[in-house]
Amino acid sequence: MAMPGSPRRRTSLTALLPTAGLLPLVLWQIVFFVVPVALIVGLSVWRRENYRLIPDFTFNNYAAILARPAIWRALLLSAETAAFVTVVCAVLAYPVAYFIAKKAGRWRGLLLVAVIAPFWVSIVMRVAAWRLLLGERGVINQMIMALGLTDEPLSFLLYSPVSTAIGLIYAYLPLYVLPLYAAISNIHDSWIDAAMDLNASPARTFFEVILPLSAPGLVVGAVFCFVFGLGEFVTPALLGGGKQLMFSQVIQDEFQRRLDWPSGAAMAVVLLVLVFASLALSMKWIRRASGEAA
Amino acid sequence: MSGSRLLTHLSPSRRDVLRLGAQAAMFATIAAQVDFARPAYAGEAKLTGPLNVLAWAGYNDPDLMRGFTELTGVELNIKEAESNGAQLSLVQAGTTKFDVINPDAVWTSKFAAAGLTLPIDTAKLPSLDETLPAFRNRPETIYDGKVYSIPTRFGVNGFVYWPDKISAAAASDAALAWDPALKGRVEIIDWPELYLWMTGKWIGQEKPEDATGEALQKILDKMIAFRPNMRALQADMGTVKSDLINREAWMVWGSSSDNVRTTARLAGADVELSIPKQGGAMWMETLQIVRGTEHLASAMAYLDYMTSAKAMKQMAWGADKFAVTNAKVKDLLTPEQVKALGLDKMEEWVANCQMSLAPVDENAWADAWQTFKMG
Numbered sequence: 001m002a003m004p005g006s007p008r009r010r011t012s013l014t015a016l017l018p019t020a021g022l023l024p025l026v027l028w029q030i031v032f033f034v035v036p037v038a039l040i041v042g043l044s045v046w047r048r049e050n051y052r053l054i055p056d057f058t059f060n061n062y063a064a065i066l067a068r069p070a071i072w073r074a075l076l077l078s079a080e081t082a083a084f085v086t087v088v089c090a091v092l093a094y095p096v097a098y099f100i101a102k103k104a105g106r107w108r109g110l111l112l113v114a115v116i117a118p119f120w121v122s123i124v125m126r127v128a129a130w131r132l133l134l135g136e137r138g139v140i141n142q143m144i145m146a147l148g149l150t151d152e153p154l155s156f157l158l159y160s161p162v163s164t165a166i167g168l169i170y171a172y173l174p175l176y177v178l179p180l181y182a183a184i185s186n187i188h189d190s191w192i193d194a195a196m197d198l199n200a201s202p203a204r205t206f207f208e209v210i211l212p213l214s215a216p217g218l219v220v221g222a223v224f225c226f227v228f229g230l231g232e233f234v235t236p237a238l239l240g241g242g243k244q245l246m247f248s249q250v251i252q253d254e255f256q257r258r259l260d261w262p263s264g265a266a267m268a269v270v271l272l273v274l275v276f277a278s279l280a281l282s283m284k285w286i287r288r289a290s291g292e293a294a
Numbered sequence: 295m296s297g298s299r300l301l302t303h304l305s306p307s308r309r310d311v312l313r314l315g316a317q318a319a320m321f322a323t324i325a326a327q328v329d330f331a332r333p334a335y336a337g338e339a340k341l342t343g344p345l346n347v348l349a350w351a352g353y354n355d356p357d358l359m360r361g362f363t364e365l366t367g368v369e370l371n372i373k374e375a376e377s378n379g380a381q382l383s384l385v386q387a388g389t390t391k392f393d394v395i396n397p398d399a400v401w402t403s404k405f406a407a408a409g410l411t412l413p414i415d416t417a418k419l420p421s422l423d424e425t426l427p428a429f430r431n432r433p434e435t436i437y438d439g440k441v442y443s444i445p446t447r448f449g450v451n452g453f454v455y456w457p458d459k460i461s462a463a464a465a466s467d468a469a470l471a472w473d474p475a476l477k478g479r480v481e482i483i484d485w486p487e488l489y490l491w492m493t494g495k496w497i498g499q500e501k502p503e504d505a506t507g508e509a510l511q512k513i514l515d516k517m518i519a520f521r522p523n524m525r526a527l528q529a530d531m532g533t534v535k536s537d538l539i540n541r542e543a544w545m546v547w548g549s550s551s552d553n554v555r556t557t558a559r560l561a562g563a564d565v566e567l568s569i570p571k572q573g574g575a576m577w578m579e580t581l582q583i584v585r586g587t588e589h590l591a592s593a594m595a596y597l598d599y600m601t602s603a604k605a606m607k608q609m610a611w612g613a614d615k616f617a618v619t620n621a622k623v624k625d626l627l628t629p630e631q632v633k634a635l636g637l638d639k640m641e642e643w644v645a646n647c648q649m650s651l652a653p654v655d656e657n658a659w660a661d662a663w664q665t666f667k668m669g
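If you read the protein sequences in the order shown, they are chains A and B.
Per my numbering, the first sequence runs over residues 1 to 294.
Per my numbering, the second sequence runs over residues 295 to 669.
The following block holds chain A by itself, in its conformation from the complex (with noise of 0.2 Å):
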């Protein structure tokens, strides 16, 4: 029998004190993820009838999705927009990331926290911020037109598919260059030394060597550029002008308009299977090239 105090007593202790620890945050998992996730899982399987919820377990609403090719329309939509985006980020964020990491020296931190102020403001604030900037009276056309570029406002600037880009491109940025400066700061200078030592040209070392060390930085911030991207709401609803629906507001739409929840749920459950499967094929992706896999 262990006695109070005894080594064994105390190595469980020991062994559930950081068990323990994990505790809030698998609380907070629980509460505003699982829960959620479940209850919109519950909800797909559902149907309606006479705007009134019938709890049931039928598949139709999934058959549904299938069915409307306006969905499949809108999903594309959503998809080709994120990976458009996030080859966008990948490309601006890449130069922003590698000078904060390797140029920026004492105004790294000042740089890092330019990166991450936008946060700071509320989507919505900035989206309508854009607005002002990209209008026909905006500041943006105003230079344009002052520089003698163009005699007429560019119109296309807002309220189309060039401002949904913007938008979104300048949203998720700085989702681009912070794990993408955490990757480039692992990498020793001596390594692109030894490179240079050996003969390499600056742009065979960035291929060579810059480049794979890099890439799992570049890999996380595409899967959230992307993710994000995705399930994008606000600034496709107030910057694309409603030309074009994206598959969250077709979403959007179900819940709201035709006040089909089931339908509405079944939908955001298969943008959450595509979600998951970005990730799984990321995580697969980085503990491959991490060697975790072999």
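Possibly wrong hints are sitting among the right ones.
Heads up, incomplete: computed chain A residues facing chain B, CB under 10 Å, no partners named [unchecked claim]: (1) Arg137; (2) Ala237; (3) Asp260.
Heads up, simulated EDC-like pairs for lysine to aspartate or glutamate below, C-alpha to C-alpha not over 16 Å straight-line [unchecked claim]: (4) Lys243/A with Asp530/B; (5) Lys639/B with Asp655/B; (6) Lys404/B with Asp638/B; (7) Lys604/B with Glu364/B; (8) Lys477/B with Glu136/A; (9) Lys477/B with Glu152/A.
Derived from the structure by calculation, the hints contain no laboratory data.
The C-beta atom is built at its ideal place from N, Cα and C for all residues, glycine as well.
Keeping the supplied structure of chain A fixed, place chain B upon it in accordance with the hints.
For chain B alone, coordinates are given in the frame of chain A:
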């Protein structure tokens, strides 16, 4: 009674004085809590609260709410409604027990048929005596022969336009919305029932609300033909107004045109409103009482207060500036305010409008609107 006993009664003991004094103090305390000037409502029934109200933006105006609480002593909890459908689902969900809701008139039968609302005894609402004749006994407010909803705010839908860009003659014809000269210059809001119904009327359908199948496809085709002119389909009324005021939009179709005109004019934009000769569409909000309310007398008191000239003046000239159904409101506003709200022209506009009705096949209309939005 003998003289000695009378004297005894007239000469109370110290204990009697203390007892009577305590009783008098208690009575004074209770009397101080009673406002004898307060009107009694709903057949002298006790007013209880707080009253949970689910209503559109504007009903949560602090001055408006304070007026009711000062009058009745009942506190109001007002939750802002996002749509008629959202009101329906919230009432059905029952998570919050709402006492009064605020759907559009054309949703009255849906709520009543679902057993969610109560018939209203209009005889107990004296403020209704001041209702504009056009809003009395509206068929949209009646279900199964009984009144289920009380009209409050309303509006007309046509075109609001910049007269230096569009002539009055052009604006008097519904075809203007499809005029190639307005490419990318017209804004609308996300209000499917309104636009599909108006388009149906304009292409000659007698009862667009019944449109399904081929008839609905014709409406949809016409709406899709409008897309090149559509600058944006906004989720909210504020944006269409600001885009019109900034002259980025030359015309706003629908979106409660009288309200768009009023707001734009007050912001200095000299825009005009036209109801096309093919006819415009009207909308009307109502107050309805939720079945099962525990505060029926207070709910009736709220309906009476909200339809009174005082409250409706606050709604008309408050933050949102919508037309209201109480005829006496005009008398409480200055001539400038009446003109700004368009109340001097409202009769003419209303005469050229019909109430846009809810579609018979909601899902088909929702599909059609989704297709339109997809482009």
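Hints and how they fare:
no.: 1; hint: Arg137; in the structure: holds (6 Å)
no.: 2; hint: Ala237; in the structure: holds (6 Å)
no.: 3; hint: Asp260; in the structure: holds (8 Å)
no.: 4; hint: Lys243/A with Asp530/B; in the structure: holds (14 Å)
no.: 5; hint: Lys639/B with Asp655/B; in the structure: violated (35 Å)
no.: 6; hint: Lys404/B with Asp638/B; in the structure: violated (34 Å)
no.: 7; hint: Lys604/B with Glu364/B; in the structure: holds (13 Å)
no.: 8; hint: Lys477/B with Glu136/A; in the structure: holds (15 Å)
no.: 9; hint: Lys477/B with Glu152/A; in the structure: holds (15 Å)
Checked against the numbered hints given earlier, this structure breaks hints 5 and 6; the rest are met.
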